[in-house]
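**Q** Below, each chain spelled out in residue letters.
Protein chains: 2
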Amino acid sequence: MLFKKEHLDEIREYLKKDNLKGYLILTSDPHSSEYVSPFYLSFRNYFAPFSGSAAKLLITLDNAYLSTDGRYYIQASKELEGSGINLVKEGLESLEDDIILKKEIYPLGTSFNLINELDYERLVNKGITLVDKDYSFLIKDRPSLSKEKVFKLDSSLNTLSLKEKLDYIYQKLEEEKVEANLISSLDDIASILNIRGKDIPCNPVFYSYLYVSKKYGNHLFIDLDKIDFELNNVNIHPYDEIFNFLKEHENVSTLIDKTKSSAKIYSLLKNKVNGKNPSYLLKAIKLEKEIINTKKIQAIDGLALLKFHKYLHDNLSNNLTEFDYSKKLKEFRLSSPLCFDLSFNTIAAVGSNAALMHYSPQEVGSSVVNKESIELLVDSGGQYYGGTTDTTRTFLIGTPTKEFIHDYTLTLKALIGVSSTIFIENSDGHTIDIKAREFMWKEGMDYKCGTGHGVGYILNVHEGPNGFRYYVSKDRDDQGKLVPGMITTIEPGVYKENKYGIRIENNLLCVNAFETNDGKFYKFETITYVPIDTKCLDLNMMSDEEIKWLNSYHKLVNEKLTPFIKEQELKDYLDKLTIEVKR
Amino acid sequence: MLFKKEHLDEIREYLKKDNLKGYLILTSDPHSSEYVSPFYLSFRNYFAPFSGSAAKLLITLDNAYLSTDGRYYIQASKELEGSGINLVKEGLESLEDDIILKKEIYPLGTSFNLINELDYERLVNKGITLVDKDYSFLIKDRPSLSKEKVFKLDSSLNTLSLKEKLDYIYQKLEEEKVEANLISSLDDIASILNIRGKDIPCNPVFYSYLYVSKKYGNHLFIDLDKIDFELNNVNIHPYDEIFNFLKEHENVSTLIDKTKSSAKIYSLLKNKVNGKNPSYLLKAIKLEKEIINTKKIQAIDGLALLKFHKYLHDNLSNNLTEFDYSKKLKEFRLSSPLCFDLSFNTIAAVGSNAALMHYSPQEVGSSVVNKESIELLVDSGGQYYGGTTDTTRTFLIGTPTKEFIHDYTLTLKALIGVSSTIFIENSDGHTIDIKAREFMWKEGMDYKCGTGHGVGYILNVHEGPNGFRYYVSKDRDDQGKLVPGMITTIEPGVYKENKYGIRIENNLLCVNAFETNDGKFYKFETITYVPIDTKCLDLNMMSDEEIKWLNSYHKLVNEKLTPFIKEQELKDYLDKLTIEVKR
Chain A
-15 MLFKKEHLDE
-5 IREYLKKDNL
5 KGYLILTSDP
15 HSSEYVSPFY
25 LSFRNYFAPF
35 SGSAAKLLIT
45 LDNAYLSTDG
55 RYYIQASKEL
65 EGSGINLVKE
75 GLESLEDDII
85 LKKEIYPLGT
95 SFNLINELDY
105 ERLVNKGITL
115 VDKDYSFLIK
125 DRPSLSKEKV
135 FKLDSSLNTL
145 SLKEKLDYIY
155 QKLEEEKVEA
165 NLISSLDDIA
175 SILNIRGKDI
185 PCNPVFYSYL
195 YVSKKYGNHL
205 FIDLDKIDFE
215 LNNVNIHPYD
225 EIFNFLKEHE
235 NVSTLIDKTK
245 SSAKIYSLLK
255 NKVNGKNPSY
265 LLKAIKLEKE
275 IINTKKIQAI
285 DGLALLKFHK
295 YLHDNLSNNL
305 TEFDYSKKLK
315 EFRLSSPLCF
325 DLSFNTIAAV
335 GSNAALMHYS
345 PQEVGSSVVN
355 KESIELLVDS
365 GGQYYGGTTD
375 TTRTFLIGTP
385 TKEFIHDYTL
395 TLKALIGVSS
405 TIFIENSDGH
415 TIDIKAREFM
425 WKEGMDYKCG
435 TGHGVGYILN
445 VHEGPNGFRY
455 YVSKDRDDQG
465 KLVPGMITTI
475 EPGVYKENKY
485 GIRIENNLLC
495 VNAFETNDGK
505 FYKFETITYV
515 PIDTKCLDLN
525 MMSDEEIKWL
535 NSYHKLVNEK
545 LTPFIKEQEL
555 KDYLDKLTIE
565 VKR
Chain B
-15 MLFKKEHLDE
-5 IREYLKKDNL
5 KGYLILTSDP
15 HSSEYVSPFY
25 LSFRNYFAPF
35 SGSAAKLLIT
45 LDNAYLSTDG
55 RYYIQASKEL
65 EGSGINLVKE
75 GLESLEDDII
85 LKKEIYPLGT
95 SFNLINELDY
105 ERLVNKGITL
115 VDKDYSFLIK
125 DRPSLSKEKV
135 FKLDSSLNTL
145 SLKEKLDYIY
155 QKLEEEKVEA
165 NLISSLDDIA
175 SILNIRGKDI
185 PCNPVFYSYL
195 YVSKKYGNHL
205 FIDLDKIDFE
215 LNNVNIHPYD
225 EIFNFLKEHE
235 NVSTLIDKTK
245 SSAKIYSLLK
255 NKVNGKNPSY
265 LLKAIKLEKE
275 IINTKKIQAI
285 DGLALLKFHK
295 YLHDNLSNNL
305 TEFDYSKKLK
315 EFRLSSPLCF
325 DLSFNTIAAV
335 GSNAALMHYS
345 PQEVGSSVVN
355 KESIELLVDS
365 GGQYYGGTTD
375 TTRTFLIGTP
385 TKEFIHDYTL
395 TLKALIGVSS
405 TIFIENSDGH
415 TIDIKAREFM
425 WKEGMDYKCG
435 TGHGVGYILN
445 VHEGPNGFRY
455 YVSKDRDDQG
465 KLVPGMITTI
475 EPGVYKENKY
485 GIRIENNLLC
495 VNAFETNDGK
505 FYKFETITYV
515 PIDTKCLDLN
525 MMSDEEIKWL
535 NSYHKLVNEK
545 LTPFIKEQEL
555 KDYLDKLTIE
565 VKR
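These protein sequence lines are chains A and B, in that order. As numbered in our numbering, residues -15 to 567 make up the first sequence, in order. As numbered in our numbering, residues -15 to 567 make up the second sequence, in order.
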């Protein structure tokens, strides 16, 4: 299944036969998922040696290009070395404009089942002729689709029942004057049904389509082997039946989100209204039970990270690798009966590896962490019966340089900047992003990624429409208005190639601050409870308010974690980590 | 010509005859101008007693509604009293959604020559049937259209010649693969041709259309009486010829901006591409000569305001009114041979009048300013051969309350917040706006308007695409990326109904800060040179950096104005106003 240069030649034979100038392979599935199952991922991996989560691969008759974003520039240029595939740095260059359009790589083949409608239309509107071709049959030893059963969430885990969610959707459809809603996005479906699955690692979703209509009934399309219970008021059909079903219902006025539907599905409906699924915002705004449960499992997750922190410092003489540590952290997390998976592959990176934003240590070849290491950056999270976490800490080990101390302090200032902002209703992440970056910008520094993203509830670790970004990115849906109940990460960082990487990340719950004659005001409550290493802070760079914020955060962390701690040694360790800092 | 209730009944007779449920009068002209000539303004004024610059008037068979935005809530509710016309507060309510749609006021008449295409489409897409009707013939004693001559700008006033600007447009049209560009927006036309006019008070534009095409020639449509010179490479036609001309060229592929074109003009083209006119960004980015000239006339404008400041304090015992003061300020400005008009009606407001954001004192009934007055808020600007200014100062007179001191200091902090920001390329006003509002938001305060707008060059005082706003407003085009050469106002304020209003406004030129490995960084250079009253600042609310900013700004103001001052008394006054403050 691994990439070989010959695979590109195999596809080129078909390009010639089918009179195509190129073939486009996206990292995608029929549901516009950000992370896809091994079955779907194998399509890109068979033709390109790149292990990141986001990339587009273009194969032409005599060349090949892989485009990825700023998170992966360094990693991709290493992994593609010798493959004959050129790296296109999205943001600086554009695969579509600078390669496909400029070199006129069309007619261009791609699978209409794997490209979403929005991307499809964008390419077509640029004058690129697209042809529906699926060359995935070329993949040898392809992993099979998951047969894992889906499972119902206990009613203590959901504020709203399936019935209440369907009623909400009916009401929104009525307001939009449509009769039905076709939902392709897997996290929306899981959220509406209050069930979860295991089809995509770290993403507790299951491949399916959901059709919601008061008039035509509710219909779930799913591999029947995966579900062994019935659902009130929802008919269950085999997964592939969706195509026939939609043909039979092509004239029903249907709400469909073109950013979340394949071009193939989209083309089947004749009387459609493009728009966000009502479930999209419903899922993003966490209600009472979701908030209580998330806070509880965040403390449990914090305990795992505290144990890990201690383990790291107790084992610095043992020459363990980044991979060993990430394995150990997984153990700590899964030791809680509430944790059933990680929420993404753990990033555990030492020194220059940490400069690669999304470095994931592999069993073979990952770096050793020892007393000489300056930092171990760990970005990780868990899936719990009670919520989803996403936390980064930069653990300090050896003696840092002045530059490192400076950059670490800047990163913390950025985190505090957003965390302590008060903002008026109708603000979005675009409004607030500068509160993280302003200190870095004053010094000509910037990190090449968003400042944060929405987090699901026992669901995908990336979720819209909330997020922090300082400009409008058409490809990302992270400029939704912030409203109480949304959970967003704040994860500023400093990345210095071949030197080090620093990132500190918390999860912020949007809550009401106060209401005055001038409007409603919101603020953030931090719901990640993990000590922030204070060993190498330059307190002279911090304002009194920032130091106060840090101390009161550590008081909160101590209070939240203490009830879960049994051993005095661990409690002492926590007390030491959360001790008040003073200038 | 003044409003009478009977005028509404006259229009209702025609509604019945034409089988319409309502009639919509916009504050508009065929060129989507923000400010319109007395001829066009008379349409709304004949049917509603409101003197603000922005409003929509809806007349139904048995009712009438005037909708306006937050700047005018208080003013409109006063002026409409007893008229039988209901006020609709846009932002809190919506004329379209809450009145026209909910009450089904359609078929709805309106003039297709006076509604722009974007508004037209928005209404139609909501399901509102529009009928092209022009009832302006009902207006008695209507002001006539201007016959003022247009005038060429001296070549020292423009960095680019007409030829260079046309070449730039040709190039952009080629890139967009279209053959022509139809320009309706008057400031764009004036900017391209390097000529100015006097058709709209305070806005040095002239009613015209411009058609630019390398293949089909360049054509200006204008009242021939108004132009007594020829233009290189531009054919001149009578204004009304535009309709026949477009019919003859309906199949030429033409770039047209639907936000700036009337529905009537837009409908005439068969092969159109909707998009921004190339002249739009070209006009917003000021080049070498524009910047040098603007800085020079800003100093001259600052001198007028300094003289005014002294005059105000010398005359507090004379019971002069707001109107008297605004007249005097106009005199000071026009005493410079470079000043040829104001850039908008001067706002001069004392006490509670200043809480009305856009209050404009009238000859009869304006308030007296005396030693008991706390503040005189003056928002004003001039049109100069060399640039356009827009400055607000809140002049402090009597003894302010603690609350006033607090709010005045907050306002200055907001101004300094934006003025001292350093930001990365691709940032826009949405990115930066919070740097003004954050201190107010922390206290549950907010001002109900944008923080700033682009300023033209010897042109309209409001210009896109730059501006500061914390959310996306579909109706306003002020979220363009900030680039060096753009001039934007920063004008935060505190408005307390029935108490007082505070606003401080400077003009900021975007300039390069530095370039690093992480990108290009920009900052603002303040180009308004007017002392900021420091008498009632609470310096304990200000950081060391803020105090430093204020002192260095006053040093700059002193340096810029001193060369223009002849009298020692005025120089002493300037020195006193710009003296260093200390905590």
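Take the hints with a grain of salt, since some may be wrong.
In this list, chains with the same sequence are indistinguishable; a pair is considered to hold if it fits within one copy or across any two.
[Unchecked claim] The calculated lysine to any residue pairs, modelled on SDA-like cross-linking and capped at a C-alpha distance of 25 Å, are:
#: 1; residue 1: LYS117; residue 2: GLU564
#: 2; residue 1: LYS504; residue 2: GLU77
#: 3; residue 1: LYS5; residue 2: THR546
#: 4; residue 1: LYS504; residue 2: LEU76
#: 5; residue 1: LYS465; residue 2: SER78
#: 6; residue 1: LYS294; residue 2: SER319
#: 7; residue 1: LYS110; residue 2: GLY259
#: 8; residue 1: LYS507; residue 2: TYR455
#: 9; residue 1: LYS62; residue 2: GLU148
#: 10; residue 1: LYS87; residue 2: LYS161
#: 11; residue 1: LYS566; residue 2: ASN524
#: 12; residue 1: LYS110; residue 2: LYS161
Hints listed in this document are in silico derivations from the structure and should not be mistaken for laboratory results.
**Q** Hint by hint, note whether the structure agrees.
**A** Right, here's what the structure says about each hint:
In this homomeric assembly, LYS117 and GLU564 never come within 25 Å of each other (Cα to Cα): the closest approach is 62 Å inside a single copy and 73 Å across copies. Taking the shortest Cα distances, LYS504 and GLU77 sit within 25 Å of each other only across copies (17 Å), while inside one copy they are farther apart (41 Å). With identical chains, the CA atoms of LYS5 and THR546 are never at most 25 Å apart, being 63 Å at best within one copy and 69 Å at best between copies. In the homo-oligomer, the alpha carbons of LYS504 and LEU76 lie at most 25 Å apart only across protomers (13 Å), although the nearest pairing inside one protomer, at 39 Å, exceeds that limit.
Proximity of LYS465 to SER78 under the C-alpha cut-off of 25 Å is restricted to the inter-copy arrangement: shortest distance 19 Å between copies versus 29 Å within a copy. In this homomeric assembly, LYS294 and SER319 come within 25 Å of each other (Cα to Cα) only inside a single copy, at 16 Å, whereas the closest approach across copies is 76 Å. Proximity of LYS110 to GLY259 under the C-alpha cut-off of 25 Å is found in both arrangements, the shortest distances being 22 Å within a copy and 15 Å between copies. Taking the shortest Cα distances, LYS507 and TYR455 sit within 25 Å of each other both inside one copy (21 Å) and across copies (17 Å).
Taking CA atoms no more than 25 Å apart as the test, LYS62 paired with GLU148 passes in neither setting, with 50 Å inside one copy and 47 Å between copies. Taking CA atoms no more than 25 Å apart as the test, LYS87 paired with LYS161 passes between copies only; the shortest distance there is 18 Å, against 45 Å inside one copy. In this assembly of identical chains, LYS566 and ASN524 lie within 25 Å of each other by CA distance both inside one copy and across copies; the values are 10 Å within and 23 Å between. In this homomeric assembly, LYS110 and LYS161 come within 25 Å of each other (Cα to Cα) only across copies, at 12 Å, whereas the closest approach inside a single copy is 32 Å.
Going through the hint list in order, the structure does not satisfy hints 1, 3, 9.
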